[in-house]
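Enquirer: Single-letter residue listing:
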Amino acid sequence: MTKGMMKFAVFMMADSNYHIAGWRHPESYADAGSNIQRWMEFARILERGKLDMLFVADTIGVPGASDPQYLTSTPTIDKLEPFTLLAALSSVTRNIGLVATSATAYNEPYFVARVLASLDHITGGRAGWNLVTGGNAEDAANFSVGTMPRTATATSAPRNSSMWSAGCGEASTAMHFRATNRRGAISIPASSTRSTTRVSIFR
Amino acid sequence: VKGPLSASRPPQGHPVIVQAGTSEPARKLSSRVADVVFTAQSAIEDAKAFYADVKARMQQHGRHPDDMKVMPGVAMYIGRSQQEAEDKFEQLNALIPAQVALARLGKMLGGVDLSGFALDEPMPDIQGNAARMSTPQNYVRLARRDNLTLRQVAMRSAVAKDHWALIGTPTTIADHLEQWFVEKAADGFNLLPPHVPGALNDFVDLVVPELQRRGLYRTEYEGAMLRQNLGLPFPNR
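If you read the sequences in order, they're chains W and V. In terms of the working numbering, the first sequence is residues 1 to 203. In terms of the working numbering, the second sequence is residues 204 to 440.
No lab work stands behind these hints, which were simulated from the structure alone. Worth double-checking, as some hints may not be accurate.
Reference excerpt, derived from the structure (chain V facing chain W, CB under 7 Å, subset only) [unchecked claim]:
| no. | residue |
| --- | --- |
| 1 | Val204 |
| 2 | Val219 |
| 3 | Ile220 |
| 4 | Ala252 |
| 5 | Phe253 |
| 6 | Met274 |
| 7 | Leu298 |
| 8 | Ala301 |
| 9 | Phe384 |
| 10 | Val385 |
| 11 | Pro396 |
| 12 | Pro400 |
| 13 | Asn404 |
| 14 | Arg421 |
| 15 | Tyr424 |
For each residue, glycine too, the CB sits at the ideal point set by N, CA and C.
Looking at chain V on its own, in the form it has when it is part of the complex:
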């Protein structure tokens, strides 16, 4: 690129850079340049390890650990009672055909044909490939941890991919989020709404007030710019 950019400097200096992924190349890149990193851990121990790793790498690049926000993805099924939350979850699951779930899992694994595997046997060992580096390993780890068959992994994938899923009341969900936040597994979260606008309204009307009551979430925006709200520095040049 030889010429100058045909625009004056953007208000934020640089737009906020988001990077998603937990593979080695992704960690190298995010710790050097990202303002926000989206991750996919479903267990707090894995999330803490990832958090500590990328924050330490940032310091090797001369960056302050607070200058990149680590945000694991989380799908939520929110009810005013536990039963209501589980009913909402089952209501959606009843709408998924098994073959559709299997095809979706194959896509998530980077285009793997799963039709030759037995649905009710343990999840096969599937390696990462050019299209998906860390996702297949995440699925295999999840399957081993929870002792899941291929069918169960496929259904889990259809429900939340390889991400964390919470099914509960505003109180129990806030408990989980607070634990991940306080124990340095996350600076925030990437919400994965299972259906819209319903799940958006559920989160905003039920969970946000609970987090605000605990002093964990803002009641007003800090500023007009994204960097101000995320508490990120503005680049000097």
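Okay, chain W solo, but in the shape it has when bound:
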């Protein structure tokens, strides 16, 4: 029974370790940040241990971008984008959950809802979203909107929920699409166009 058991997530970063010198360990890989073969190996190890989820931590920009000493002491500048990474990992795993970090400050709610819905389909129901707001100066420097107040953007989580729900109505929508295709017409559930989602900072 699930209830009485512990759950395990595994925090994986761009430089693939939590100790600042972990990448210098003699058995670590210097190229783990952007080498998909390394990530496939990591994912298979975690699945061998029946762990619940592989969680990809992320910042959009480069942490410490203005500090050359910091940059030369840690390989976080070299990293894969979480959604594309996890889509690839889903093809070499069967059960482990795949959780992506995505910031609400710099991605509009529709886009976040769309990539997550897509990842959940691709993984057969193994997708997760690490909801972060994105308050780092290094992230903000890359976007026209500038620095965002952290709490203002957090409201898009429930808004996205309403899109997953209202977007295509009931759970049977996919079946519904197939059935109607034979008649040459796609019927759209009424609920799918009913909801207008408003998020404070986005229009």
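Could you slot chain V onto chain W? The hints should help.
Expert: Just chain V, lined up with the frame of chain W:
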């Protein structure tokens, strides 16, 4: 957002929503919408208090306490003997220059310049800021509890940030995890591997079998979907 989403309903209804943080806004948000919450307590009393607080808040939102999993982060250094675990820990620490550790701590505190502070004096009182609300307080509390200097906090940060760190054998590590689990400080854990793939293999090959032997961890996945394995409900709409 005015149009419908260009995808059929996802298999899980909603993808699993993970939220990290222990600040007041984070607690408000997670207790309302999160399926999993990642936290950063390093003492069991703090972890129990956080656990009880967010589970109580869930009930105010009409949610069952089992429907969100609280998972503190934990870095592990695992050896077949205590000495081997400590050797592994020291092997990595020997690779960190002090200035690098200090710069890293400054980043963790939300971009604080620490270069003006004395390395071997007690950790200064640093307030939360816009970028990091709860992290600076976690560090200051840790420093006061263990009587640490700035240098020591910086090294601790380089090792495990402000998270819990365990250095031990599969048996002693399983003892700690079991205590946190049984005493309602955690529903599970967010593993923070210090190096990969080594630390991943250590956990899977040494600690997982010990937890399975104790009946605390699965031997097979319950289902194909993440919600099934986490024991979370599927949303109705």
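Enquirer: Given Phe384 (chain V) was flagged as interface, is its beta-carbon under 7 Å from a beta-carbon of chain W?
Expert: Because about 5 Å separates Phe384 (chain V) from the closest Cβ in chain W, which is inside the 7 Å limit, the hint holds.
Enquirer: Report holds or violated for the interface hint on Phe253 (chain V), using the least CB-CB distance to chain W and a cut-off of 7 Å.
Expert: violated (16 Å)
Enquirer: Once the shortest beta carbon distance from Pro400 (chain V) to chain W is found, is it less than 7 Å?
Expert: holds (6 Å)
Enquirer: Classify the hint on Met274 (chain V) as holds or violated, based on whether any CB of chain W lies nearer than 7 Å to its CB.
Expert: holds (6 Å)
Enquirer: Per the CB criterion, is Val385 (chain V) less than 7 Å away from chain W?
Expert: Val385 (chain V) check fails; min Cβ-Cβ to chain W is 10 Å, beyond 7 Å.
Enquirer: Per the CB criterion, is Leu298 (chain V) less than 7 Å away from chain W?
Expert: holds (4 Å)
Enquirer: Taking 7 Å as the limit, does the beta-carbon of Ala301 (chain V) come near enough to a beta-carbon in chain W?
Expert: Constraint on Ala301 (chain V) not satisfied, violated at 11 Å.
Enquirer: Using Cβ atoms only, decide whether Val204 (chain V) comes closer than 7 Å to chain W, and label the hint accordingly.
Expert: Cβ of Val204 (chain V) sits 4 Å from chain W, so the hint holds.
Enquirer: Against chain W, is Pro396 (chain V) within 7 Å by beta-carbon distance?
Expert: It holds, given that the least Cβ distance between Pro396 (chain V) and chain W is near 6 Å, below 7 Å.
Enquirer: Is the shortest C-beta separation between Val219 (chain V) and chain W less than 7 Å?
Expert: holds (4 Å)
Enquirer: When the nearest CB of chain W is found for Tyr424 (chain V), is that gap smaller than 7 Å?
Expert: Holds, because the Cβ-Cβ distance from Tyr424 (chain V) to chain W comes to roughly 4 Å (cut-off 7 Å).
Enquirer: Can the hint on Asn404 (chain V) be confirmed by a CB-to-CB distance to chain W that is less than 7 Å?
Expert: Check passed: Cβ of Asn404 (chain V) comes within 6 Å of chain W, closer than 7 Å.
Taken one by one, the earlier hints fail for this structure at numbers 4, 5, 8 and 10, listed in ascending order.
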